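Numbering of the sequence shown is given in the numbering used here, commencing with residue 1 and proceeding in unit increments.
Just so you know, the hints here were simulated from the structure itself, not pulled from any lab data.
Check the hints yourself; a few may be wrong.
Stated by the list, open to error - In the PhoX-like style, the derived pairs of lysine-lysine whose C-alpha atoms are separated by at most 20 Å in a straight line are:
(1) Lys150 <-> Lys343
(2) Lys452 <-> Lys488
(3) Lys343 <-> Lys374
As the list claims (entries may be wrong) - So the derived label-pair ranges between C-beta atoms look like this:
(4) Ala81 <-> Gln40: 52 to 60 Å
(5) Gln40 <-> Ile267: 30 to 38 Å
(6) Leu486 <-> Asp397: 32 to 40 Å
(7) Lys571 <-> Glu5: 38 to 46 Å
(8) Lys413 <-> Lys512: 51 to 59 Å
The structure displayed is predicted, hence computed values, not measured ones.
Using N, Cα and C, we set each Cβ at its ideal position, and we do this for glycine too.
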Amino acid sequence: MNTEEKFREWQNAHNLPNYLQEQLAKLSQDPKWIEDAFGQDINFGTAGMRGRLEPGTNRINLYTVGRVTEGLARLIDEKGAKAQKRGVVISFDSRYHSREFAEHAAQILGAHNIHVYLFDDLRPTPELSFAVRYLHSYAGINITASHNAKQYNGYKVYGADGAQMGPEDAERVFEYSQKVTNIFTVNTASVAQLRAQGILQLIGEDIDELYLAELKTVNVNTELIEQTAGRLKIIYTPLHGTGKILYERAFRQNGFTNVVPVPSQAILDPEFPTTKKPNPEYRDVFGPGIKLANEKNADLIIATDPDADRMGACVRTKNGGFQVLTGNQIATLMIYYLLVNLKNNGQLTSDFELITSIVSSSMPLKIAEDFGIKTKSVLTGFKFIGEEIDRMNKMHDGKFLMGFEESYGYLFKPFARDKDAMQGALMFAEVASYYASRNMTVLDGLSEIWEKYGTSYEITKAIEMPGIGGQKKMAELMAKLRSENLSKINGVQVIKIQDFLKQQEFNEDGAKPMRDLPKSNVLKYFLADETWLALRPSGTEPVIKAYVGVNKPDIATAHEAAESYQKALAKLLK
């Protein structure tokens, strides 16, 4: 069907909920909105799908959620009775309609006689990952838009390993969903019927206790925590989301008893009223926490995003203000502390491995090399970190120490196979305890690392390309950059280009193949002044991610240089 036919089908649908009918009547006054909302089907890939909560085939709503769930159900049917019995775990966050979408997905799966484990209330994304692994389910569904603004929601699908579903199965889900001829008549079964048949099973506190028991293993030096955590006052904010469910128990059981929540942000509110976008990389989300920290004389604020897979931190400076740390800076502090602890305890061996993404800071890799441990860079997406963990376990050639992405994602214990903000919060609290034991602040610790290894600084920016033509524009820009084979950026010579889509590396000696990673639409440039830059279209949002990493003598010079390179990338993408 074309755009107009899809739009008319929605207008004539008899079973739209009142809120969707009202939205459709209001928004359809704008022809540009109709073109964007019905001009294509919403993108679905290995990262799932994410979009505005509105009517339309290019939006997130009861019917696009239903169509994809029907696609997943047909995939599981294809796998047979054992896969149906293993079933699907479903969780959801605090956003508008998340519970409704989760129950709708459960009803669709149940109608296929597929067993469903449905969380009784909202839960963190990493707990969903853990539950999939613990229950040996075939798949998992999480209804969340992570750190996006209130107008958005999303749908993530997980494989049996607890990581987001791999490309082959994700493609099959998409293919099956496209065969749904009428998204308004997808078959469902009632919750009461499914409960009576034993197909739908509620889970909650039973999984919480198991997940918390695993979280208790995250911290590495309990003696240090016992001695110093009492001197450390932590302000914590869940940013109106799922971190609220378990944070108090997780901190307390691990020895961090002096944790004060931000009251206004501990309210489970889908409006996210204290911030425009509940993303812990932005300073504005820490406003209420900074105010509370000043009242309580605290030096550390920890924030988790609404689905509690990303963790950010804000720390006091020498002049009494507060500084938001980047994800790369947090990871740098964590890996340095872990390696120092292992070395001090005589447990450091060369088979430990740090896993990171190709667009994350080079500083943790430099630290790992200095301590003599292995490193591995993988494509963006925590599923690739999970794949490397599985490979190590299978080949018995390494011990997983830490995985991280620059976008505030961390993992230390692989009982979950997605980034885990609860693990990140516990480890960062231990890092702060370590520096407190030495009468140092966290920023003192970062300065100490820079003095030893040099100053690195990274900036990531999302260059938005919204609308129906956004995906096309991104594709055209990436193709243009590939054809130009840039020799200079910002006046500095390009000495190497890595094209992860063509799987080729280019330098002054020509081209050579790169086959150690799967294909991905990423371009990475290495410059003569030790700067690296990368461009990557997002798989779930209409943006091109622009990454810059610089190495300079001091942080002020590094910050200035990184901003200058970001401006240069923005010009390239106009």
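Point to revise | Whether the CB-CB distance between Leu486 and Asp397 falls inside 32 to 40 Å | key: This hint holds: roughly 38 Å between Cβ atoms.
Point to revise | Distance restraint evaluation - Ala81, Gln40, Cβ atoms, bounds 52 to 60 Å | key: 36 Å, violated
Exercise for review: Can you let me know if the beta-carbon spacing of Lys413 and Lys512 is within 51 to 59 Å?
Suggested key: 37 Å, violated
Review point. Has the given pair, Lys150 with Lys343, been kept, meaning a C-alpha gap of at most 20 Å?
Key: Outside the cut-off at roughly 45 Å; violated.
Review point. Lys571 and Glu5, beta-carbon distance inside 38 to 46 Å?
Key: For Lys571 and Glu5 the Cβ distance comes to about 41 Å; the hint holds.
**Study point:** Agreement of Lys452 and Lys488 with the hint, judged by alpha carbon distance not exceeding 20 Å
**Key:** Roughly 30 Å separates the two Cα atoms, so the pair is violated.
Practice item. Please work out if Lys343 and Lys374 have their alpha carbons no farther apart than 20 Å. Key: 15 Å, holds
Check your understanding: At the C-beta level, are Gln40 and Ile267 separated by a distance inside 30 to 38 Å?
Key -> Check passed, 36 Å falls within 30 to 38 Å.
In terms of the numbered hints stated before, the structure departs from hints 1, 2, 4 and 8, listed from lowest to highest.
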